[in-house]
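Asks: Chain residues, written in single-letter form:
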Amino acid sequence: MKLTMVIDLSRCLGCWSCAVGCKLENNEPIGIWWNRILTNGGREPDTPSGSYPDVKMTYLPINCQHCDNAPCIKVCPVAALRKRNDGIVFLDWGRCIGCRYCLIACPYGIPAFNWSTPVQSPDSSQFQIGNPAVPVRPVGVSEKCTFCFQRVDVGNLTPKCIEVCPAGARFFGDLDDPNSQVSQLIQTKPTVRLREELGTEPSVYYVPPRNPTIKVQVSQT
Amino acid sequence: MKKGYKVTTEDSILQSLTRTGTAFYVFVFTLLVLTAEFLYAWYTQLTTGLIVTGMRSIYNAPNYMGPNVAVGSPWGIYITNFIFWIGISHAGIAISASVRLMDLKKYKVVARMAEVLTLVALPMAGLSIIFDQGRPDRIVNLLIYGRFQSPMLWDLTAITTYFIGTIVYLYLSLRGDIDELARKLPRRERFYKRLAMNYQGTETEKEKHNQTLWWLALAIVPIMVTVHSVVSFVFGLMIARGQWYSTIFAIYFVVGAIVSGVAAVYSLAWIFRWLYKWDSLITDEVLRGISWALRNVLIIYIYLWIAEELTTRYMGSSSDLRVSDYLWFGPYAPIFWTMAIVGFGIPALILLQPVFGKRHFNPALTFAASIILNVALWVKRFTIIVPSLLNPPLYQTGVYVPTLTEVSIMLGTFWLATLLYIAFIKLFPIIDLDVVKG
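Those protein sequences? They're chains D and E, same order as listed.
Residue 163 in our numbering sits at position 163 of the first sequence; the count goes up by one each step and never skips.
Residue 1012 in our numbering sits at position 12 of the second sequence; the count goes up by one each step and never skips.
Worth flagging that the hints you see were computed from the coordinates, not collected in a lab.
Keep in mind it's a predicted model, so treat the numbers as computed, not measured.
Glycine is no exception: its CB is placed at the ideal position from the N, C-alpha and C atoms.
Careful: at least some of the hints might be erroneous.
Covered stretches of chain D, as calculated for chain E (at least 3 residues, CB under 8 Å) [claimed, not checked]:
hint, segment
1, 52-59
2, 74-87
3, 90-100
4, 103-109
5, 138-149
6, 162-172
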């Protein structure tokens, strides 16, 4: 069993649905996003690079890469970060001492830190929002994407980001099963992994965007 | 000293124990006030969390969807301070051990100052690490769940070993003096008698102590290299960031630490000489000898630094170059170039003067150089850590500004260290009494 995610960048709209779904599901406090959508383009979000009319823009949704050779697991001094047999890298926030070495070691900048007592909006002490199976983190510990193991473990549920993606850009499944959707995609389409040269062996595959250039029709006057 | 009162050298050494002036009380009171301020700042941090510092996660976006990438530095001046104190601690016992191993009798006069410096600096390094933890209440997890694959655990092991070695070494070298103090200062006789643990002062006993100390010194020299190497591995083994992943780091850090430590020992020796008028004990020759060592390690350090910069600038990877550009031409350029020119260039020129003849050696000017060097090395560690963290690949460049609370907590280690050092010189002689016995 090797849980894997494939993200088709030519389908991604940059709508942040996955990030918001993730935030709700996992009770993420204000300021922390396990799932982010970076813009490959200009300096500001949702802006293209290049000068008019030759502009270029794609989105890069980024969450924990669940590396097979994870730098964060290597450096964690108290083994709060561990890898399950199915490939999920998770952070045990009951054990974390808050040294933030995982933030330093992660090449993808994924782990986030609870600098203050987490504040939920709306206040989760009054309303139950999100999944009650995901405990709210205490102050002073790191947290990161878990591939929604609380959902994966109960049955054939996929992570929340897969479920909420309106463009069908995200796929999830077992890479060891040759008939699974992710195995089929990786076999049929060209895929890349982020910063592959570092040898971290990420479990998240990206299908590169087919046409990142936005064609702008210029009417000559 | 009153006129007509004949002062022996031994009395001169013991004057720090016997005489206490107004200036002393004013100084200690100031330090205590500053320490109280530090304790308040630390209390604030413990109760509200690390949000009171200027550190932030790599991606720490507020509640709205943008700016695209809000980036901060997850580590800051606490870790800088940790490396700084480890560096200071470095030379201390190493100088003392070298004096013993190589039988450099001339420098025995500064050996104890150096040992105490190590003893005071190491807890400050440990404290800096505790400041940095999000959950200092869980620090014991390091012992329960500690993983030896993590460089953090190497640090813990090396530092505790070094600390225990230092305490044993200092105690053994101090024991004869404590026994003598019991006779010299009758008011504190019971305290010293207890502490000397039935020391008799026989020849066999002295011989045994010297033998043990020799072997301990032999063991401490490799530990001292290890301690700073593992500190460098915390960064040098990380592939995630620009300018860190490099073989030179261990050597670079060890040499940097020796510069820092030798400079600190020089500063201390000069301060004591000036404070207690020990010109005949800590002679110009001793000071020149220390400055000679300082100059040589400084040259090696600058050489390693240039080699490292050249490797990056000539054909570095994009993430290396991004950090380097940030340092050389970006927002950190004023800090970087001031540090390089004022912090390292000027002290190097001062230290190079005695090359042209002994008469060019100026103890006071060299003292200034040794202080500047330690400030510059603090900044150097800062420019090694923070720019790399502010320029994470895939993300945009971030901002890190330490807060006042953070600076107060960081400075707290300096007040505490000074207080501990003062406590030591009020209880024990800072120069080995054997030195004057010949």
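Asks: Determine for every hint whether it applies to the structure shown.
Replies: Now for the hints, and whether the structure bears them out:
1. Counting residues of the segment 52-59 of chain D whose CB lies closer than 8 Å to any CB of chain E gives 0, so the stated coverage by that chain is violated, three being the minimum.
2. For the segment 74-87 of chain D, the assignment as covered by chain E holds, since 7 residues bring a beta-carbon within under 8 Å of that chain's beta-carbons and 3 suffice.
3. Here the segment 90-100 of chain D counts 6 residues with a CB under 8 Å from a CB of chain E, which clears the bar of 3, and the coverage holds.
4. Given a C-beta distance limit of less than 8 Å, the hint that chain E covers the segment 103-109 of chain D holds, as 7 residues qualify and 3 suffice.
5. Taking a C-beta to C-beta cut-off of 8 Å, the segment 138-149 of chain D contributes 5 residues in contact with chain E, enough for the three needed, and the coverage statement holds.
6. Counting residues of the segment 162-172 of chain D whose CB lies closer than 8 Å to any CB of chain E gives 0, so the stated coverage by that chain is violated, three being the minimum.
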